[in-house]
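Asks: Between the sequences and the hints, there should be enough to build the whole structure, so can you do that?
When we follow the working numbering, the leftmost residue of the sequence shown carries the number 23, and every step to the right adds one.
Derived by calculation from the structure, the hints in this document are not laboratory data.
Any given hint could turn out to be false.
[As the list claims (entries may be wrong)] EDC-like mimics (lysine to aspartate or glutamate), calculated; alpha carbons at most 20 Å apart, straight line:
1. Lys136 x Glu99
2. Lys30 x Asp78
3. Lys30 x Asp64
4. Lys30 x Asp79
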Amino acid sequence: MNTSTTPKVQYGYASGAANTIRPTSLTYPDGRTLTYDYGAADSMPDALSRIAAIVDDDGSSTHLADYSYLGLRSFVEVDYTEPDIRYTLIGTAGGDDPDTGDIYRGLDRFGRVKGCRWHN
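Replies: In structure tokens:
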């Protein structure tokens with residue numbers, strides 16, 4: 023394998039000046055760049071280094087995915103712009119989960135995934 027001609031992806035990282043060294047971008051071999059958005063400065067996603075969105079740096083700043091979280095790290099919803107679908111663990115109809123008593127119908131009482139929905 024010739025590493026000088028083998029296609030590769032490259033990752034960009036924060037400088038660490040804000041006491042974080044987290045991924046900030048992904049560049050494909052063809053030059054396409056995706057940016058990891060951590061939300062507004064001093065927001066909860068920013069403080070916890072949780073990715074709030076993946077943004078295409080194609081000039082229009084298209085959000086490819088937007089994330090909603092439960093707690094520190096568990097995402098409960100991902101909204102994909104293309105092909106306009108959503109992954110969710112949140113109940114969409116029928117009220118709260120009868121087992122847990124909350125809106126997260128896709129999780130059991132121990133926080134494990136018991137069912138998920140894809141819809142548009």
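Asks: Checking one constraint from the list: CA of Lys136 to CA of Glu99, max 20 Å. Satisfied?
Replies: holds, 15 Å
Asks: If you draw a straight line from the CA of Lys30 to the CA of Asp64, is it 20 Å or shorter?
Replies: With Cα atoms ~33 Å apart, Lys30 and Asp64 exceed 20 Å; violated.
Asks: Lys30 and Asp78 were given as a pair; does the straight-line alpha-carbon distance stay at or below 20 Å?
Replies: Measuring from Cα to Cα gives roughly 18 Å; hence the hint holds.
Asks: Check whether the Cα positions of Lys30 and Asp79 lie no farther apart than 20 Å.
Replies: holds, 18 Å
In summary, the structure is inconsistent with hint 3 from the numbered list given earlier, while agreeing with all the others.
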